[in-house]
Structure formats: structure tokens, C-alpha cells
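Take these sequences, add in the hints, and give me the full structure.
Here are the chains, one letter per residue:
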Amino acid sequence: MTAVAARQQVSLRQQVEEFLYAEAALLDAWALDDWLLLFDEDAKYEVPCNDVPDADPARDLMLIDDNYVRLAARVDRLNSRRAHREYPHSRTNHQVFNVRVQDVSAEVLSVTASFTVWRFRAGRTSCYVGQYRYRLRRSDDGFRIGSKRAELDMTDLRSVADVAIIL
Amino acid sequence: MSTDCEPWVTQATEVAPQLPIVVDEPVAQRFRVHRSAMTSPEIHRAEIERIFGKSWLYVGHESEIPEPGDFVRRPVGGRPIFMVRGVKTGNVNVFHNTCTHRGALVCRQDSGNSKVFQCFYHAWTFDSEGRLKGVPDRDAYAGGVNFDELGLKRVARVESYRGFVFASFDPGIVDLQTYLAGAKDYIDLVVDGCGGSVEMARGTNQYSFAANWKLLVENSFDGYHAESTHDTYFKYLVSIGTDLRGGVSGRAVDLGNGHAVIEYSSPWGRPVAKWEPLFGEDARAEIDRLRGDLVARHGEDRAHTMAEVNRNLLIYPNLIINDIMAVTVRTFYPPTPDAVDVTAWALAPSNELASLRHRRLDSFLTFLGPGGFATPDDIEALESCQQGFAGGGVEWNDISRGMGRSPMANDEEQMRVFWRRWQHQMGAAADLAGAR
Numbered sequence: 001m002t003a004v005a006a007r008q009q010v011s012l013r014q015q016v017e018e019f020l021y022a023e024a025a026l027l028d029a030w031a032l033d034d035w036l037l038l039f040d041e042d043a044k045y046e047v048p049c050n051d052v053p054d055a056d057p058a059r060d061l062m063l064i065d066d067n068y069v070r071l072a073a074r075v076d077r078l079n080s081r082r083a084h085r086e087y088p089h090s091r092t093n094h095q096v097f098n099v100r101v102q103d104v105s106a107e108v109l110s111v112t113a114s115f116t117v118w119r120f121r122a123g124r125t126s127c128y129v130g131q132y133r134y135r136l137r138r139s140d141d142g143f144r145i146g147s148k149r150a151e152l153d154m155t156d157l158r159s160v161a162d163v164a165i166i167l
Numbered sequence: 168m169s170t171d172c173e174p175w176v177t178q179a180t181e182v183a184p185q186l187p188i189v190v191d192e193p194v195a196q197r198f199r200v201h202r203s204a205m206t207s208p209e210i211h212r213a214e215i216e217r218i219f220g221k222s223w224l225y226v227g228h229e230s231e232i233p234e235p236g237d238f239v240r241r242p243v244g245g246r247p248i249f250m251v252r253g254v255k256t257g258n259v260n261v262f263h264n265t266c267t268h269r270g271a272l273v274c275r276q277d278s279g280n281s282k283v284f285q286c287f288y289h290a291w292t293f294d295s296e297g298r299l300k301g302v303p304d305r306d307a308y309a310g311g312v313n314f315d316e317l318g319l320k321r322v323a324r325v326e327s328y329r330g331f332v333f334a335s336f337d338p339g340i341v342d343l344q345t346y347l348a349g350a351k352d353y354i355d356l357v358v359d360g361c362g363g364s365v366e367m368a369r370g371t372n373q374y375s376f377a378a379n380w381k382l383l384v385e386n387s388f389d390g391y392h393a394e395s396t397h398d399t400y401f402k403y404l405v406s407i408g409t410d411l412r413g414g415v416s417g418r419a420v421d422l423g424n425g426h427a428v429i430e431y432s433s434p435w436g437r438p439v440a441k442w443e444p445l446f447g448e449d450a451r452a453e454i455d456r457l458r459g460d461l462v463a464r465h466g467e468d469r470a471h472t473m474a475e476v477n478r479n480l481l482i483y484p485n486l487i488i489n490d491i492m493a494v495t496v497r498t499f500y501p502p503t504p505d506a507v508d509v510t511a512w513a514l515a516p517s518n519e520l521a522s523l524r525h526r527r528l529d530s531f532l533t534f535l536g537p538g539g540f541a542t543p544d545d546i547e548a549l550e551s552c553q554q555g556f557a558g559g560g561v562e563w564n565d566i567s568r569g570m571g572r573s574p575m576a577n578d579e580e581q582m583r584v585f586w587r588r589w590q591h592q593m594g595a596a597a598d599l600a601g602a603r
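For the protein sequence lines, the chains are A and B, in the order given.
So the first sequence is numbered by my numbering: it starts at 1 and just counts up by one.
So the second sequence is numbered by my numbering: it starts at 168 and just counts up by one.
You may find that some hints are simply not true.
Stated by the list, open to error - Label-pair restraints from in silico Cβ distances:
1) A/V108 x B/G257: 46 to 52 Å
2) A/R124 x B/S573: 41 to 47 Å
3) B/K320 x A/S110: 46 to 52 Å
4) B/S517 x A/G123: 42 to 48 Å
To be verified - Computed far set for chain A versus chain B, every beta-carbon distance over 10 Å:
5) A6
6) V129
7) S139
Keep in mind the hints are simulated off the structure, nothing from the lab.
Don't be surprised by glycine CBs; every beta carbon is placed ideally from N, CA and C.
Put into C-alpha cells, the structure is as follows:
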């Protein structure tokens, strides 16, 4: 890699990191309507079952497999007072690490990152650990999310009970 | 021996309690359960012995191990077990997962295929039929090694019905079909509705929460809570064009031996075979065709029951088969009085068309599972009940709903069926004098 290309890669990664940190801040602030605006209308949000991290939603059971319509419904639900598991809301802390951009020159960026999402509610602590896989489209003001997939490293959900929050 | 209310089971009844924890008053039309049933460590200990030690418990589905040497391991009744299809016999073998030498697990992966199971500790080796095949340095045993005696230990009883494999730790238990009693017909409805052959989709829901396991029994076929607890799910259905006006209506049926079912119509769609907007316009013809096939094979009445009627089925004590907006198979075990470990799968027709499978799974996870629009709120409700019990003050749960009428799906008769059997099996171990 030339020095110029290396600098470009670092610069792009920094832009992607800024974007992911901003997304995490929206989730932690429960600004879900604003968070939804980051997604394209053909976007997907997926969380595979713990035992099949490479699951294909067309064939395998997922924990979450939202198209834009269901993602919007998920946001509506979580904004209401009737999503009992999340009313009142948990405090969360979405932490993003090890950000890597796969192909700097591609039109749609494939990004992987590690995550730790801490969730605190009613005296209980839960921690989700895993890897994000994003497809990001460049836009005038930064990026748009084409897909977001959260693959969990925990072997099961015994310590966290559910995935009622957005990872 | 057998009692009036349990005609199919011939196990001896324990000594009757002086002050039963389950108080059934048919004349007063009142049914109460003392909350110590959900909180007492003594009750919990007795349940492990008298209920989980003496019932048929679900192990897994034969479709999970189609090929010789295929295996899955999982706890059953809290004990480490593995199920393997024998390479020689093709039989489904269910073994205690422990080396007969000094105890280490011999199967240390959740699933896979293997001809041999070698204990890594001292390298004793067993085959898929459980026979001991290899012992290093066997000359050191003066009298020789008795290979016949030292094979893997089979769980006392193993039988299957329509591919559902059950095991019991009680060698004297009645045979599985006798035990299943009226529940057999409902398993038939589910399997035949899927064209006669079913399998588990890849992907397992394994979650736990802080409530007594019997609250999950109640919740899994509680028609009464659907509208109040799951308001956001019904709102979602409306938002995609579902007509809720038909509501949820149907009946509860006592299937004998503690098993029960609610069967009812609902506004949601069913992959076999009731189209709703969730499935998309292009699925309409395929789902109509599936329904047509059922009519041709089973006649209009039975096809209607398979296609349009939902079933929330409890197979006592801890297996749920809910044939609703998809089919979920769910089993659970209480490590402590106030915690439950749940494992759930999606059941589907074998060789289902790819497009239909996708829609089935989509329909499943919209409502069901730890990321669905409903299950997390059920978890919240059950944990909330458990927290409510901790305060004391109120000693009894009321489960009388619908006693004065022919039981509806949103009544509580199906729960009373469970609780009566539970009290019977617990005998004097579920006695208020002891629990208080």
C-alpha cells in the first residue's frame, strides 16, 4: 500500500468511526426516531441466534430480522409505554471498537466492528458482546446504513434474558 | 394406584397432603394456588425429584440427527444428556453424558457427527451405540476390564412419538403413548398439518429469566393476557393491514395426565395455511394451494382445524408446542425456584418451499423469541409476578377464571389441569404446613 492509500484508509476509517459513535450516542439517548433516519428504506437490521452466527434469514431462525417497515415498528413500540420490557427504558452504553473498513474504494462500504453493549435496568446488569457487520452507503452528509447485523459472541442469552433493546 | 382424575396414569400416588398448596373448590367455583409453590426451595427440591425425575421429558427431535453418528447434547431435566443416532443400528440413543470411568463428559460439543466419543481425561472410548471400545493400558486391571458393564449409561426410558424424542429417568413410568393420552391427537394435528414430516429450523433460542418455571407453563397457554400484554404486537399487525375484528376466541381442553390445550381462531396469519397481509400478496396463491392440499388429504373439517385453528399445547410438565403464527417447540427447566432456563426451536415442514420457509420464520420472530415483539414482554410479566410474590402479604394466586362455564381459550381451565396434576404428583411434598 502506498503512503497516500494508507492515509486515505485511515481517514476513511476515522469518518466511519465518527459515524458509528454518533449512532451509538443516539441509541444511548433513546433518540430512536433520529436513529431510524440513519437507515435507507431498503435497509435490514439482523441479529442471528447465538448458535448460528452465520445464519441466513431466508433459511435459518433469527432473533431479529427487520426490514425497514418492521424496524420502524420496533422503534414505535420502544417509544410507546406498552413495550413492557423496556418501559421504563434501560440505561444503555453502546461501545464500538476494532473498526475495520474492508474495501476502501467500494461504493458500498463493508465495515466490521466489535461491540459491547451494557444494559442496566431495575438493579440488573446485562452485557452483550459481539461483532457488527455494516454495509454503509456514502451520502452527502456522511453515510447511510444499508444493513446492520449484530452477531453475538455469547454462547446463549441465559445471562441477558432477551434482546428487547436495539444492539 | 390410579385416581379418578388421572385415568391413564398408573403410578402410585404419594401420601396426600394435609393442607394442599393447590386448593380446588368446584362448588364455590374457586381455584387457588399458594404462592410458596413458586418461591419455596423445599418445593423446588421436591419438584426435581417427583416431577422432573418421574415424567417423560422432551429431549429433541429425530430430524436433528438424521444421519448415523449425528448427535446433539443438551441438559434434560437439569442433567447432562446426549442423543446420538447409532452408526450400527440407526436407533436414537440417549445417554447420560458421563464417562463410566471417573465421570468427565464424553460429548463436549453441542452438535456434530462422530463414530466415537472419547473421554479426553483418560481416553476411554465409546461408540455411537454406547459400547466401550477402548481403554488405554488395560493390562493394569488385574481381573481385566468388563467392557459390557462399562458401556455408556442409557437414560432409563427413551421413546419417541412422531419424531419427538422423550426420555424418563423413572424405569417404571408408563409407556410414552399412554402418558401422552389426549395430547397425541394434537401432536398429530401439528405434524399432519405440516404434511406429515417435520424438522427443526437451524437456530435456537436459549434464554433464562428470573421467574418460577410454572409461571411460564401458565403464560404459554394464557389466552387472557394476549390483548393486554401484547398490545404493541397487535398494533403492528394493524399497521400492516391485518383486520383484528375476529379477535381471539376458542376453548380449553383437558387432555389427561396434566396435558392441556387451548384452540382458537386469531387475527394473525398461519404459514399453514391462513393468509394475512404479513405474508405478502405474492404468497396468497401458495398458501391457498397448501390449504387445498390439506382438504384433499384430510377433508374440510380437519383441514380447517389444521389451517385456521391455533393450538397452544402443554405436554406435562415442561414441553410447549405452540402452533400459532409459526410453530414453536419450547422446553424449560428450573435451576432454582426463581429462575427458568428456556430452550426453543422453530418447527417446520421438512422440505418446505424456500419462500414459504422464509415467511414462516419471519412470522415466528415477529411475535416469538427473545427479540420478538411479544416474548420480552412476557418475560417482564413473569419476572414482575415473581417479584410480587417476594413481598408476602398476599398468599394466594387466583386461577378461577371460567370455572362456572364451559372453558374458553381465555379462561384458566388449562392451567387448572396442570396444577391438579402437579399437586397429585407432588403429594405431601406440596403441603402448606411444610412450605410455610
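Each hint, compared with the structure:
The beta-carbon spacing between A/V108 and B/G257, approximately 49 Å, falls within the hinted interval of 46 to 52 Å. Range check, A/R124 to B/S573: about 43 Å between beta-carbon atoms, so the 41 to 47 Å window is met. At about 50 Å, the CB distance of B/K320 to A/S110 agrees with the hint of 46 to 52 Å. Taking 42 to 48 Å as the suggested C-beta distance range, the pair B/S517 and A/G123 conforms, at roughly 46 Å.
A/A6, annotated as away from the interface, keeps every beta carbon of chain B farther than 10 Å; the closest lies near 39 Å. No beta-carbon of chain B comes within 10 Å of the beta-carbon of A/V129; the shortest separation is about 16 Å. With a closest Cβ-Cβ approach of about 28 Å to chain B, A/S139 is found to remain outside the 10 Å limit, as its non-interface label requires.
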